[in-house]
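Top line first, the protein sequences correspond to chains A and B. FYI, in our numbering the residues of the first sequence are 1434 to 1499. FYI, in our numbering the residues of the second sequence are 32 to 498.
There may be inaccurate statements among the hints.
With a straight-line Cα cutoff of 30 Å, these simulated DSS-like cross-link-like pairs (lysine-lysine) come out [stated by the list, open to error]:
{"#": "1", "chain 1": "A", "residue 1": "1437", "chain 2": "A", "residue 2": "1479"}
{"#": "2", "chain 1": "A", "residue 1": "1477", "chain 2": "B", "residue 2": "307"}
{"#": "3", "chain 1": "A", "residue 1": "1484", "chain 2": "B", "residue 2": "179"}
{"#": "4", "chain 1": "A", "residue 1": "1477", "chain 2": "B", "residue 2": "179"}
{"#": "5", "chain 1": "B", "residue 1": "202", "chain 2": "B", "residue 2": "179"}
The set of hints was computed from the structure by calculation and includes no laboratory data.
Letter by letter, the chains look like this.
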Amino acid sequence: MSTKETYKDSFDELQKIVAEMESGEIGVDELAGKVKRASVLIQKCKEILSKTEVDVQKILDGLDQA
Amino acid sequence: MPVSGPSYSLFELCENIKGVLRSTYTQTYWVRAEINTLNHYPASGHCYPDLVEKQNGSIVAQMRANLWKGDYQRINSTFLNVLKEPLRDGIKVLMLVEIQFHPVYGLSLHIQDMDPAFSLGDLEQEKQRCIQSLKEEGLFSKNRTLSKPWLPQRIALISDASSKGYGDFTKVLAEANKHWGYAFYFHLFPAVLQGERAVVTIQEQLQKIQKVKGHFDVVALVRGGGGEVGMACYNNLELNRALTTFPLPVLTGIGHASNLTVAEQIAWHNAITPTKLAEWLVQQFHNLSVPLQKCEDALAKKSIEVVSNARQELQHALRLLAATTRSRQIRHLADWQQAVQHLSSSARYLTKHHNNQLERNRQQMAQGMTVRIRTETLNLDQSLRQLNSRVKQTLANQHQTLDFLNSHVQHLSPEHVLKRGFSIVTQGGKPLNNTEDIHLNQQIEIRMFRGELSAQPIEINHSNEPL
Chain A
1434 MSTKETYKDS
1444 FDELQKIVAE
1454 MESGEIGVDE
1464 LAGKVKRASV
1474 LIQKCKEILS
1484 KTEVDVQKIL
1494 DGLDQA
Chain B
32 MPVSGPSYSL
42 FELCENIKGV
52 LRSTYTQTYW
62 VRAEINTLNH
72 YPASGHCYPD
82 LVEKQNGSIV
92 AQMRANLWKG
102 DYQRINSTFL
112 NVLKEPLRDG
122 IKVLMLVEIQ
132 FHPVYGLSLH
142 IQDMDPAFSL
152 GDLEQEKQRC
162 IQSLKEEGLF
172 SKNRTLSKPW
182 LPQRIALISD
192 ASSKGYGDFT
202 KVLAEANKHW
212 GYAFYFHLFP
222 AVLQGERAVV
232 TIQEQLQKIQ
242 KVKGHFDVVA
252 LVRGGGGEVG
262 MACYNNLELN
272 RALTTFPLPV
282 LTGIGHASNL
292 TVAEQIAWHN
302 AITPTKLAEW
312 LVQQFHNLSV
322 PLQKCEDALA
332 KKSIEVVSNA
342 RQELQHALRL
352 LAATTRSRQI
362 RHLADWQQAV
372 QHLSSSARYL
382 TKHHNNQLER
392 NRQQMAQGMT
402 VRIRTETLNL
412 DQSLRQLNSR
422 VKQTLANQHQ
432 TLDFLNSHVQ
442 HLSPEHVLKR
452 GFSIVTQGGK
462 PLNNTEDIHL
472 NQQIEIRMFR
482 GELSAQPIEI
492 NHSNEPL
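Same shape as in the complex, but just chain B (with noise of 0.2 Å):
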């Protein structure tokens, strides 16, 4: 295509430019936007931040701008003093600027000032945003909605142990160790613990502890020192969906006394600083503890007590024991000296009584015996005399019934019998007193009483009648 007309070096073109903007935009601006980049050099101290605006989360417009080292402090002090949010990637702002042209760095924004309250404004609504979609999740109370830990003993610490959180917070958990005895253990997870990158860093650190969650009770996130600055972190959606939705309670000590963020809202619970989180985590020790130790005292208190009030019931018990034992004693004894003066005169008695008794009896005895004794000689003179007539009588009828047997034996003598007329008749030397034991013809001797003769049987004349 032929040239037709003036051209211009790259340089007039550039310097036409920034006539025209000089011309047109001749004082500064209020702008709103996002900074994407900070783009902060430590070195010069300038800034050369990337801003954007998004709708719907896509840029639709994007500006290079520059904030030299002297504006930079002084914005970012008043940042941290009104956000408690440093100038950093992510926030947005309302600023002051000039709009500049430069032919070889081209277009860009000279910040001269910013309005620390729109960002506050915008981070207000960031968190508020934050919540209403955990809300709309059903995210926001699921943390707290985990049962109470009923021992949090074993810790995962999410710090940075430089920090002076990390130090109060160990401490306090060492002196309850020492002074009480409390088993504490904890394992940190290091993270960075404000400004943008602990969205990062504390999200793979939840990734790390889910792994080995099973050692332990809670999860303890934990920052404190350096100041109050670099909270908005805690305001990040991610975040916070990372932490409520963790297994295991989530506490919180990250020292930011008003104003809540989101992350100490969802938090299982939440203490103002490091140092009251881990006073909180000695309390449940104590809430354990102290019953325990009550339990202790009041036993060793009430077997004071029972032993004392059983040695107290003994002592009384001795002491009724001795007075009813001697009171006892002395009824006993006046007892038993009544018994033995009345034993002692009932053997009196007795014995002068049966004395008496013996006596009369002795002398009744004697008395008796002495009659007897009469009496007795008496019937054997008496029986003596009897026996003696009797005999004699008895000898003079023997005399008598003698004499007379033997004058009639005299009588009977065969002499007797003979002298008075009969005779014995034998026959062969047998006495016949019967004729049929005769044998005629046949000897039989004759005996009288004076003389003997023989004869001879011619006739016998049997009678049956006795002479």
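For reference, chain A alone in the conformation it holds in the complex (with noise of 0.2 Å):
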């Protein structure tokens, strides 16, 4: 899976998690478990715009080759 597809799910998941707490679809006993999981969720995203997955050697490797 893409770092594209692995963002979009996880950031449509979480606004449909959201979209529910605002409509006020969860209760105080799901609360817990669906803060959890879109924790989860924005930390997987927040580190899809922090890091690159960038290997150096492989694009010397590939300028290299006349």
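Mind docking these for me? Both chains are given alone in their own frames, and the hints should help you get the complex.
Printed below as a string of structure tokens:
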């Protein structure tokens, strides 16, 4: 799965949780679980924004190939 | 072939030609030509341009020229000012020339002035031609048809590390990383970014990036500082063809505020300056990050709200429960007290009632007992009396019966029978009461009331009839 899909899926799920909360569908019982899940999703999305997976060596190897 | 007529030395010929030219071309002329090569010598400051005229790509005229330091500096300055381009190779010019002939250097044009408006028009025409060609080839919008990089994070940066533009660009990205933790990766592909060499070096770098394109999200062409000159390279057809057909989105930040170059027009995204381009990249992160932050905030706010609502509901319920309990307690207490009173009065009544009943029963029973005892005593007395008389009666009757029986027994005794004249006959000790039992001629004993006798039967008359 690409980072884009990971991000999109995570963000969509996150928005769904927020929407559920805003519409008052989430009660105290589910709250802890939902918040926990949302934190994981937020963390996942933030990580994508704050990390780049670049293999510099591979770039350089690619450039050396004539 | 024999020499007929006069001969001239080369110098004499040259001098003659020089004289003819001078007498023929007495003034200066405006001439249109393309500077094939400018041949500027920085040491002396003079230029020795190679001028050409091309038709359908072929050179149809060519001539050397000279442009002295002073003229060059003045004209170049005007060009930079008007065209934003220096005097350079490949530019078409309208120049004021004086025709010169030198015995050693031959024919040349001495350039005295140039009309920048002509070159400007020509550059603009070249630009329009470039646009026209790209459109005809269907390439003008090609790069822009690439899908939006969802997160332009890995940047193939075509720039010059020593340029101000590069510094501005990387500074914004570094700040974005510092402030918001956004992770950018860029790899520099160094190139000359203005003037004629730009066309070649940028294309070389594009070819390099092509080999490793999988590692990048976008190509950024970043230039800035050093004045907005030498930008005509960005109207070059070859370069633009390479840019527009590049498989990654091409971003430009080459600092050209007005009159966009073709490269800026065909770019997937163009920003006025490198700083603005970097800010646009940061904005792409914001576009993802801000909704994320909003979600996070909403989540926190809503969580607090849900918990707080639940707490309020609970407190409300508790208050309600307490109030209800109190009122019920009071009501129950009243009910209870009433019940106790009721019970107690009932108990009192019942006790009293039962006591009365009991007393009545006791009295009735006592009375009943007395009567009964009396009755029973009377009955017993009477029974005793009856028994007594009956016993006496019975005894008397028994006595009478016994007396009667006694007398009867007395009458039946053998003595009494014998007395009355009856005898007992025996034979061999055995009493006889039937003649058939008597054996003839055997002695029989006869016992009478007084005395006994023996006799012998001689004759027997049997009779079946009893006596």
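How the hints compare with the structure:
1. A:1437 with A:1479: Given pair residue 1437 of chain A, residue 1479 of chain A holds - Cα atoms ~12 Å apart, limit 30 Å.
2. A:1477 with B:307: holds (29 Å)
3. A:1484 with B:179: holds (20 Å)
4. A:1477 with B:179: holds (22 Å)
5. B:202 with B:179: This hinted pair holds, its Cα atoms lying about 24 Å apart.
Checked against the numbered hints given earlier, the structure satisfies every one of them.
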